[in-house]
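Start counting the sequence shown at 0; every next residue gets the next number (numbering that gives the first Met the number 0).
Keep in mind the hints are simulated off the structure, nothing from the lab. Any given hint could be a false lead.
Pairwise CB distance ranges (calculated) [claimed, not checked]:
#	residue 1	residue 2	range
1	Lys195	Lys285	40 to 46 Å
2	Lys172	Ile704	35 to 41 Å
3	Asn129	Pro319	34 to 40 Å
Below, computed lysine-lysine pairings styled on DSSO-like, alpha-carbon distance capped at 27 Å [what the hints assert, rightly or not]:
#	residue 1	residue 2
4	Lys85	Lys178
5	Lys448	Lys178
6	Lys271	Lys299
Backbone N, C-alpha and C define an ideal beta-carbon position, used for all residues, glycine too.
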Amino acid sequence: MKYLIFLFLLFHSQLFSQKKQNFNFGFEENKTNSELSDGWFKWGNYDLSVDSDSHSGKYSGKITSKEPVSFGSIVYRIPANYSGKKIRVEGFMKTKDVKGSHAGLLLRVDTEETSVVFDNMKAQAIIGTNDWKKYSIELDYPEEEAKMIYVAGILVGSGEAWFDDFQVFIDNKQISELKHAERKMTTSDLDREFEKGSGISIGDLNEQKIKDLELLGKIWGFLKYHHPEVAIGNYNWDYELFRMLPDYLKTNSTKERDEVLMNWIDKLGKVKESKPKEISKDAYLKPDLTFLDDLNSNLKLKLEWIYNNRHQGKNVYVKPGDVEQGNFSGEKSYQNLNYPDDGFRLLSLYRYWNIIQYYFPNKYLTDKDWNTILKEYITVFVEAKNELEYELACLQLIGEIQDTHANIWGDSGNKIQEWFGKNAPALKVEFIENKLVVVDYYNPEFKEKTGMEIGDIITKVNGKKVESYVSENTKYFPASNQSARLRDMAEKILHSNENPLEIEFIKHQQLQTTTIPLFPSDSLNTYFRYKIPTDKSYKVLDQNIGYITLANIQLVDLPELKKELLNTKGIIIDIRNYPNSFVPYQLGSYFTSTPKPFVKFTKPSFKNPGEFVFTKEINIPTEKVNYPNKVVILINDITQSQAEFTTMAFQTADNVTVIGSQTAGADGNFTGISLPGGIQTGISGIGVYYPDGRQTQRIGIVPDIEVHQTIEGIKKGKDELLEKAIELILNDK
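Work out the full structure: start from the sequences and follow the hints.
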């Protein structure tokens, strides 16, 4: 084994010391005569091409927007085999008629599983028409975990953008001149024994075996975050589970089981006496280690010793994120195992349960006691018979934390997407007054093909009552509250693998039946709620009332916005969207005459997993010139995460009223999690509270005046929230 490791390290030292590499950063090489130059590929849905309008040489890369407005990116990928502290990309860009968002360079560095650092020049807000100009991005370079560097040009919104002559620097040296770095590899990195499968077969489950597997999952997770030898990567902790499981599964008594556990822990090495950080006196949440109370005295003493002398340094499985939430980029997703075997499915359950147990700030808000969930899901995961059942098991487990940030995201969960249905109609529907109502069309040119009108109420889909669909599928739509759940259900309920779709609906108080054609869902802009407008983000409405939408707000808009709206009777801020730019402080300060606290957070302890402590309150600053009149904020179930945080900031305004309905209730920074089989999910990684301690998770932002869109209002084309806001401003005294 030592000889094999030596050969492995020799190979890698040779690989990483290879010399200069040439990169096609100028788009000049195209040996394959493909649509794009060699090495470049596409993200997004815009048209990409090689163009003769270049900064130098013969060619550049070009992005042209198309409907529906979304984004496009022309991307170059580089293995991150370099040492350094800072990474910088430089490149030339030209734009034409860019509006709705921005164009820019893009720089991203990934681990094997997730993005670590990222910037796309959104804050610089390059819009309009601009001739060739040099731009740059610089980020901290995550040397230890970096696996891949992505260099790109991006266009969000409408228009055209050209890119040319990229350069990448690490610590001010061009990477083409740098030698590949030698990586320090842990024992965990070198352990490849179970790459193709665990070889574990759990067999039939009975009550005792389920209890034993529950206990193992809790001890495995406890050791992962507390035992020094595990935490520093001297063991591949995923694989150590597979190594001990065969003996563990053979045990026939509690005594035999505990002996296997004791021997397993002893093999990890002796934990030296130390002085770990004590639990903070101000801890809002404390570690939950109640499972230790059910153990025999010797096993309990052994684990208590480990806890009282727990690891205090870096942990290969968790580290502080960008806002000090848990970062789990060290976890492997085993993407090649589409349908993981018994051992890997159990690992998936153990990994997720323990991340929530120790690093989810809102665990105490779940409807069920999280301590009961592990046992409940052992049977669900072990008995999942195929890829779809495994993905559904993951989705159902994820739903138990009741967090709108938690779902199966990205390209993972392919079987679930097929199960929901690959085809969709051109109709956009929402739940209004607890009824499924047609509210718009994803593609207006398909309107006549639907035979349905805005305001029609759908009662059945392919013979199934809408109410039945909601009750039967609730467990597969993770959400903080029912408002967000129904929002997400509306986007899937008309999806189907059948075509056409049979619809029963009410039009003009008459029950009717029709069939409507479906289209591949990726050909429709079904993620309609985050569509980016292409007009200005602010304007003056009739009767001298200001209006701001955050859907396409730019930081560069703010100076002119503040001047133009200063003398209006009142300002309406529409946050029924996801903000295009982060503006709580820069815009919030315009509405607040004195600095005011608006938020505080709970963040995890990495020296005492499971402990969360409140941060200090954060203030909204003020400006020399403040807006003097009424401010009305519009919110609904689309208002989520950054949108909720921004609403909290604007609530400090001197004369503010929030109107609308319950928001999505997921207000903390998103934290990604990878599970075996390439499943990508996430959680709200920090707890978000008002200064007085009121929570926002699950509850969302509570409006001062509750206003809902009605079916009658939809039929008449009325925006009832906007009308109420105008009324409040005109009647303000």
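| query | Under the criterion that the straight-line Cα-Cα distance not exceed 27 Å, is the pair Lys85, Lys178 satisfied? | reply | holds, 16 Å
| field | Restraint check for Lys271 with Lys299, where alpha carbons must lie at most 27 Å apart | value | At roughly 17 Å apart (the allowed maximum being 27 Å), Lys299 and Lys271 satisfy the hint.
| task | For the range 40 to 46 Å, tell me whether the beta carbons of Lys195 and Lys285 fit it or not. | result | holds, 41 Å
| task | Could you check the hint for me, namely that Asn129 and Pro319 are 34 to 40 Å apart, CB to CB? | result | Roughly 38 Å apart at Cβ, these two residues keep to the hinted range, so it holds.
| Holds or violated: Lys448 with Lys178, Cα cutoff 27 Å? | Distance ~60 Å between Lys448 and Lys178 Cα, so the pair is violated.
| request: With respect to the beta-carbon atoms only, verify the hint that Lys172 and Ile704 lie 35 to 41 Å apart. | output: Check failed, 59 Å falls outside 35 to 41 Å.
Hints 2 and 5 from the earlier list are contradicted by this structure; the remaining hints agree with it.
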